[in-house]
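Asker: Sequence:
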Amino acid sequence: MSIDKKNVQCFLGTSIRNLRIKKGWTMEKTAFESEMEYIQISRIELGKINTTVYQVYKLAKAMDTEITEFFVGIHDTLDQSLNDKKE
63 MSIDKKNVQC FLGTSIRNLR IKKGWTMEKT AFESEMEYIQ ISRIELGKIN
113 TTVYQVYKLA KAMDTEITEF FVGIHDTLDQ SLNDKKE
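Here the numbering used here runs 62 ahead of the position in the sequence shown, where the first position is 1.
Treat the hints with care, since some could be wrong.
[Said to hold, decoys possible] Mimicking DSBU-like on lysine-lysine, the simulated pairs with C-alpha atoms at most 30 Å apart in a straight line are:
no.	residue 1	residue 2
1	K68	K91
2	K68	K120
3	K91	K67
4	K91	K123
5	K85	K67
6	K123	K67
7	K68	K84
8	K123	K84
9	K123	K68
10	K84	K67
11	K68	K85
By construction, these hints were calculated from the structure, which means they are not laboratory data.
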């Protein structure tokens with residue numbers, strides 16, 4: 063049983079986007095607050111890149127949240143994805 067890197071990237075990106083939207087922030091504001099480029103935020107949220115832990119840390123710090131919040135539910139989601147592939 064193998065975890066697909068793309069699934070992890072997409073889960074993280076979706077989680078970051080959901081928390082950003084919950085805060086009422088645009089990608090531009092998120093980029094400004096985290097001292098990152100707008101395009102980088104977009105690529106992370108879309109799961110297009112396997113971002114660094116440091117960038118995830120910067121996003122969590124800027125959004126005033128624990129880094130672990132970005133990963134809440136990841137096990138259930140990835141396990142379900144693996145089960146779906148088996149069927």
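Asker: For a C-alpha distance cap of 30 Å, please report whether K68 and K91 respect it.
Answerer: Holds, at roughly 26 Å.
Asker: Given the hinted pair K68 and K85, is their Cα-Cα distance within 30 Å?
Answerer: holds, 26 Å
Asker: If you draw a straight line from the CA of K91 to the CA of K67, is it 30 Å or shorter?
Answerer: The given pair, whose Cα atoms are some 28 Å apart, holds under the 30 Å limit.
Asker: For the pair we were handed, K85 and K67, check the Cα-Cα distance against 30 Å.
Answerer: holds, 27 Å
Asker: Run the distance test for K123 versus K84: straight-line Cα separation, threshold 30 Å.
Answerer: With Cα atoms ~16 Å apart, K123 and K84 stay inside 30 Å; holds.
Asker: Would you check the hint for K123 and K67, treating anything up to 30 Å between C-alpha atoms as holding?
Answerer: holds, 24 Å
Asker: Is it true that the CA of K123 sits at most 30 Å from the CA of K68?
Answerer: holds, 24 Å
Asker: Given the hint that K68 pairs with K84, does the C-alpha gap stay at or below 30 Å?
Answerer: holds, 24 Å
Asker: Tell me if the straight-line CA distance from K68 to K120 falls inside 30 Å.
Answerer: Roughly 21 Å separates the two Cα atoms, so the pair holds.
Asker: Below or equal to 30 Å on CA atoms is what counts here, so check K91 against K123.
Answerer: Roughly 14 Å separates the two Cα atoms, so the pair holds.
Asker: Need the status of pair K84, K67: alpha-carbon distance at most 30 Å?
Answerer: holds, 26 Å
Violation of the numbered hints given earlier is absent; every hint is satisfied by the structure.
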